[in-house]
Every structure is written in structure tokens, then in C-alpha cells.
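As a plain string of letters, each chain reads:
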Amino acid sequence: MMRSIACMLLAASLAACAPDASTELASGKALLASAASNAADAKAAQAHLQRAAEQGLPAAAFHLGLLYRRGAAGLPADKAQAVKWLRVAAEAGLPDAQFILGQMLMNGEAGAADGAQARAWFERAAEHEHAAAHFELAMAYRRGALGLAPDEAEAQRHLMEAEHGLAHRMPPP
Amino acid sequence: MRTTHLYLALLAVPILHGCGGSDDTPSQAQSVPEGTRTTLALLETTDLHSNVQSYDYFKLAEDKSIGFERVATLIKAARTEFPNNVLLDNGDTIQGTALSDYQAQVKPLACSETLAIYKVMNAIGYDGGGIGNHEFNYGLPYLNQVTGSQFKVEGVTAAAPCAGPAFPQVLANVTSVKSGAPLFAPYRIITKTFSAKQPDGTTVNVPVKIGIIGFTPPTIMAWDKRWLDGKVTTQGLVETAQKYVPEMRAKGADLVVAISHGGLDNSTYAADMENGNWHLSKVAGIDAMLIGHSHQIFPNATSTVPQFNLPGVDKVKGTVNGVPTVMANFWGKHLGVIKLELAYASGKWTVDTSKTTVEARSTQNADKSYVAADPSVATAIAAEHAATIDYVKTPIGSTDFRMNTYFADVGDVSAIQVVNQAQAKYVADYIAANLPQYAALPVLSVSAPFKSGFGGGNDFTDVAQGNVAINNAADLYLYPNTIYAVKVKGSDIQAWLETAAKRFNQINPAATADQALVSSFPGYNFDMFTSPDLHYEIDVTQAVGSRIKNLSYKGAAIDANAEFIVATNNYRASGGGSFPGLDGSKTIYASPDANRDALIGYIKAAKTLSLAGNGSARSWRFTKVATAGRVTFKSASGQLALATAAGLVNVSSINSDDGSGKGLADYAIDLSQ
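Protein chains in written order, with the working numbering: chain A, 1 to 173; chain B, 1001 to 1673.
Do not take every clue at face value.
[Said to hold, decoys possible] Below, simulated DMTMM-like cross-link-like pairs (lysine to aspartate or glutamate); rule was C-alpha separation at most 25 angstroms, straight line:
hint	chain 1	residue 1	chain 2	residue 2
1	B	K1586	A	D151
2	A	K43	B	D1063
3	B	K1487	A	D78
4	B	K1064	A	D78
5	B	K1059	A	D78
6	B	K1393	A	E163
7	B	K1586	A	E152
8	B	K1059	A	D41
9	B	K1586	A	D41
10	B	K1393	B	D1658
11	B	K1487	A	E152
[Said to hold, decoys possible] So these bits of chain A aren't anywhere near chain B, every CB distance computed over 12 angstroms:
hint	residue
12	A36
13	K43
14	D96
15	L166
[To be verified] Under 7 angstroms between C-beta atoms, here's a sample of chain B residues computed to sit facing chain A:
hint	residue
16	N1300
17	A1301
18	L1310
19	Y1553
20	A1556
21	A1557
22	N1570
23	Y1571
24	D1583
25	G1584
26	S1637
27	A1641
28	G1663
29	Q1673
Derived by calculation from the structure, the hints in this document are not laboratory data.
Beta carbons: idealized from backbone N, C-alpha and C, even for Gly.
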């Protein structure tokens, strides 16, 4: 109470009173489970994640992107916003974001499908030993998809890498 | 000549003493004249992962692209080229194949026996090795045994050392909680005898003291928590190197080589970072880095991988912040070679950096063929190799029906139901033991026909009636996925199936021409349930997104809000295939265990699989519709009887060869039946 009164009195220090980005991220993530059925929680989750993302937390941009992709109660899915925020997280180097962004581009979820860009993101995620990204690349090499010529040796290599990557997964963002 | 002999005589005793790799051999540097030069090569293998032979144990077939037996040929060639050489392994050595599982878990190695991979490394003569993260996969007592160590760590009983590598192993950044000391020797100083050229042109043998120090990713504490928690701690690469490298120099190391299992990452340094070698390179006194873990090739001028395109990283020359660095790919595909030229001046050896070269040599030739295998390698482990093949072929159970995917696209579940049963049981057991909050929810499972003819008539799962062995389990579950469990609602299951039903083209009932049933949507994304509790129809006359009809659970229309646990794989749960809502957020359990291993466990426990119990629970069928023309699909030639055996009486054969030359034939399905 004292803290909030002080904040109200000292408008100039409002920024300092705002929760830090990691607190915003934690608050946003905590509301994600109920966001599907509770519009207030969905809105709050979105606000928390957006503030954290704007403060530069890639994990927040990732979860915000997923929230826009899935949609939630009172929050219709917005694939363009999803791509925007997933791209922020992907460019910051988050393999899970790179993989999901690749999926969206591969499937043309927000515009025309772009196999070459999708592949580039899968390759970046695979570089971080993202097993599902390696699997996607393996299937693309096997089937000659995503602009690749069929190459069974490369498919096998990526399957080996997928198996290897699964042995040391990083915790989800 | 006379001078040379004199030097040789002077050096003979300390050289012999130095062969054991003693840390305290007094330097003989004073015997070497100023201006003497010597060239040496550091040779690196990394991430061998127990691939001794060029062999895939699940396919029971040769794979020339991998295996120590081929990189051994490169080692021998490099030794001819560089008689002064130091052969070092970067780790991730003892785990990764059916051979390693066999030796660790199936028929555990006796204390007197040397692990197959170490056996062949001993035979070729390594000078030293590091420890990777995968060395910890089988636990500390096993690592203690197979490395011939005497760990002073909780859980390891003090005993005489077992058989192990005949070369020193170093690891500086893993410490025993019990003893407070590093688990392995943090570093060793190996005295090598190299031929050198004196200023007068004569050749002389000189001792060169090579200091090796090892690092592993501190992230092992998360990856192998169950084995390591409370028993060991890890330290950051930079502070560990800052502590030991000066000590190594003080003890007379002429060269310091970091054997660091990890890649490059220039983000802000942290003691627990996985790939700390970009920062490690900046620690004073390190002359070369042998790196690994990322399964990449460095140097590689054409590499687009981010870690080799960082500031300070020269991917052409093979340097990181000026330090010569090599990463030799994985599974014995490459040999790393760092050539260093040393000049003797002012009483010490100094690297003439203008002469340094770094390369990663491939076992694959320019014409795509592979170098020949070194025959002595296969000979050395013939018994272990044969035993592993026997293990892979050992029956784990039997089946009273032929399990196949020839007609999985049109409803045969003979090769899919057992996978779903194994996954569901695995997840249900885990929930019962560990996740009481989900104990009331039904556990379902999905799987897909991974082998569904894309590659031709041989690209189908086909396990004969009779004994089922481990390699058959690899046919039933082709990919190296791990089991994941997701919590979803009834509406999510509907959406999941709508996506899976993209497997089919939209059929126009009025069209009189032949219509192909199966689309280009991959078979590995054609997820299906095979549960007596769950039923649904796929109406292929409808557009994508409106095809799943009459979805019921336990006889009643599924409740869109009811919650279910669905067992699947990491690819699907993480968002692979873009199934609605599956983006990692619904995962309640990311198991470390492979779907294939759960299947093997299930078959072992069941002992006998029956068509009635394990191969005929169809959860789905096509919605009945009369079509004016034929609805066609492809499968392997001559297999119609299997469709009939599966009860698919509406399938007929159009021809025995579709003309593609791939062993495929055309079939028709009468959707009105």
C-alpha cells in the first residue's frame, strides 16, 4: 500500500514502480492456462506479455506470438500479430520461436507460404539442436520439400541430429 | 651427425620418463639450440558416440558415412604426413548406438573388460581425451568403471580401477561435492618426442610438453540431473581456465590445448553457458582449441551456421579470436587437423602463428565415395559387434498377425495400434506415479503411418507374423522421437483430426473420372487414434476443416470441453505439422524416453501380440458415399490379400504395377461400403 501511494505521488518515478520484465513475463505466463476460457485473464496475459516483450524479453515475445496464433477468450487469433512477435523472438535467437515461425511460413498461415524462409528458420533452430526442426528438415530433404532437392543422406543426417538433440533439450522458454 | 647423437644421448632418459605423461618431468629445453624448429599436428576426433564400425544397428546395414573405422584411416594418413602428432578425442565417446546400450545396459561390461570404443582408441594410440556431456548418460558408477577411474564421489564405491582407456582423460570444470576436487584430472602435461630441425639443418629429437585441459558443458547438471544432482557441481569455462592454465604453464607446458566439448556463443558470458568457447578463447595462454558437441564442421568457409559467423571467428582460417580451433563434425565423419610450427627461442617454444593451418578432413572423397575402413578396427571388436547384432535380432515377443502399413491410409491399423497402446500405457503409468493432478483424465494416444509408400513399394512397415525383434520395433516406429503427453479438450481433438484428414483430397461424388484419394500431405502427419473408446468418420467429400463427423467418446458425442491426455511425440507436441493449439503450451510431460523404446518395453511385457488385441481397433472409417467414378490410391504391388485380412472388403486392385517403376500399384476403394 505504501509503495503504491508513493508511486501515485511521484509521477516521475512511475516507470521505476512498474514490475520488471521478468515479473511481467511470469505474470503473463501464469494466466495463459485460463486465457482460453476467461476473457479478463486473456487480456491481462496479453498486456503482461506485451510489456515484457517490449522491454526486450524474447520469451515474452514468443508467448505473445503463440497467444495471438491460438487466440483466446475475447481475443480472436491474429496471425499477422503472431508472426510479428514470433519473429521478434526468433530474431533474438529463441529456437522454439524459430521453429513455430517456420511452421507458420511453411503453411502460409499469415499470407502466402514461403518454403525458403521457413527452411531458413528451421535451419537456425536446428543450429541450436532443436530436435523438431531437425526432423522437419529431414522430412524436407526426404521429400524434396521447402525448395530442397531430395537428398536421403541429408535426411539421415538430420534424423541423427534430431535424435542427438533430444538427448539434451533446453527447458521451454 | 656427431652433434645429433650427443643431443639424442642427452635426451634419452627424460624422454622415456615422459612417455607416461608425467606432470612434473623437468624441462629439457636447455638442451635445444636457439632457432630449432619443429612442426606438429594436433589431431581431433569428436562426438564419436560409440560408432566404432560403419554400421546402423537398427537397419542392420552398413553405413559408410560414419564410424571410427574410417576416421582411423584418416588418422593413419595424417600420422604419415605429420610424424609429430598428438591424437586427442573431444568426448561424447561412450554413448549413442545399440552397441553402447548393449555394453552399458543389456550385458553390462565386466570390470576387466575395456569398452569397445576405448579398445579401438587404445589400439590406435590416443594421447589424451576430454569428457563430453553424453559421458554422463549412464550414470557416475558406469563412467567411473569404463574410464578406469577412481571417483571420490557419492554413489561410487572405492575400488581398484577397472579396465579403461590407456590414455589420460581430462576434465577441469566438474567437481565432486564429496571431495571438493575435480572428478577427473583437470589437466595433464604430456611429454612428446618430436623430430626437429636445428639451425644447421640437422635433425634432432626434442621433448615438447603438451598441456591438455578438458571442459564439458555446465548444462550437464540439467541434462543428467538424475545422475548428477547433489553429487557433482560444474564451473564456468573461463574462470576454470584462468585458474589452471597459468598452473600448467608454471609446470612447464610448452603448449596448452583446450579440449572443450562445446561450440561457440558470443552472448554475455555466464558460468553455466552451454557453448562457452568463444569466451574461453580469450583466456591468455591457450594455444589451440579442439571443440565439439554441436556436430558441425569448423573451419568451413561456406558455413552459414551462426556460431561460425560471429565477430572474431575466422571460418576460413579456423581461428576464434586468433586461437586456432577445430571441430570435427560427429560419428567419425571428420578428423580435425591443426598444424603448428614451433620455434625455439629464448629458452622456450613459441608457436610461429604465420605457419598455423587448421582443417577438418572428411572421410568422404570428392567423388562422394568414402575412404576405406581400417580393417583392424572391425577385427578388434568383432565379438562386441556380433553380440550387439544378436541383441538387436533377439525376439522381444511375437505376433500372431502381419503388422503392416500397406493399407493404413484406408483404415488398416495393424502396425499402428500397438504403437498407440505402448504410448498410452507409458503415459498412463507416468501420470499414475508422478502427476496425480491428471489421474482422473482419460489417456488416449495418436500415431501415424510413418512408412506409407512415399519412397515406393518398399517404403511400408511390414513385420511378419512370428517373432518380433528390436529391429522390427524400429520398423514399427521409424523415427527417433520421444514421447510427449499433451492435455487437450474434446474440441482440440476434433481440430487435431481435421488437420490429420488433410491426408485426403476432396472427392467429388458426381465425378465419373478416377479421383486420387491421397493428397501430398505427409503420412507422418496422418495421426490417428486406435481406441475402442473413440470413434470418428472422415468425410472426404467435404473441404479441409469440415471432414470429421460423429466424433464420439465411450458411445456419446464428445464433449468439446472435456479434458483428455493424448500421448504423442516431441515433434507433434512442439508444433510440428501445425496442428491447431499444439505449440508446446499443452505439453504436460516431455519424456526423455523414445517412443520406440516404449514400444519395445510394451512388446516385451505383452510377450504375444494378437490381431484381436493389438491390431484391429479401428477408431475411424470413411463416411459412406456413393461415387460415380473410382476413388483410387497407391500401395505396394500384390498386397490386396492384406487389405482383405484387415477387413477392408471395399478395397480392390486396379493393376499390379502403376508404371512408376517404384514397386507401386493402383488400388480402388468403394466408399459406399
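Hint check:
1. B:K1586 - A:D151: violated, 34 angstroms
2. A:K43 - B:D1063: Given pair K43 (chain A), D1063 (chain B) is violated - Cα atoms ~54 angstroms apart, limit 25 angstroms.
3. B:K1487 - A:D78: holds, 23 angstroms
4. B:K1064 - A:D78: violated, 49 angstroms
5. B:K1059 - A:D78: Between K1059 (chain B) and D78 (chain A) the Cα gap is close to 45 angstroms, so the pair fails against 25 angstroms, i.e. violated.
6. B:K1393 - A:E163: Status holds; Cα separation ~22 angstroms.
7. B:K1586 - A:E152: The hint is violated at about 33 angstroms.
8. B:K1059 - A:D41: violated, 51 angstroms
9. B:K1586 - A:D41: holds, 17 angstroms
10. B:K1393 - B:D1658: violated, 35 angstroms
11. B:K1487 - A:E152: Given that 25 angstroms is the threshold and the Cα spacing comes to 35 angstroms, the pair is violated.
12. A36: violated, 8 angstroms
13. K43: holds, 18 angstroms
14. D96: violated, 6 angstroms
15. L166: Incorrect as stated: the minimum Cβ-Cβ distance to chain B is 5 angstroms, not above 12 angstroms.
16. N1300: With a closest approach of 13 angstroms, the N1300 (chain B) hint is violated.
17. A1301: A1301 (chain B) check fails; min Cβ-Cβ to chain A is 17 angstroms, beyond 7 angstroms.
18. L1310: With a minimum Cβ separation of about 12 angstroms from chain A (threshold 7 angstroms), the hint on L1310 (chain B) is violated.
19. Y1553: violated, 20 angstroms
20. A1556: violated, 22 angstroms
21. A1557: violated, 20 angstroms
22. N1570: holds, 6 angstroms
23. Y1571: Cβ of Y1571 (chain B) sits 5 angstroms from chain A, so the hint holds.
24. D1583: The hint holds - D1583 (chain B) has a Cβ within 7 angstroms of chain A, the shortest such distance being about 5 angstroms.
25. G1584: holds, 6 angstroms
26. S1637: Not OK, violated: S1637 (chain B) not within 7 angstroms of chain A, min 22 angstroms.
27. A1641: violated, 29 angstroms
28. G1663: violated, 17 angstroms
29. Q1673: violated, 32 angstroms
Checked against the numbered hints above, the structure violates hints 1, 2, 4, 5, 7, 8, 10, 11, 12, 14, 15, 16, 17, 18, 19, 20, 21, 26, 27, 28, 29; every other hint is satisfied.
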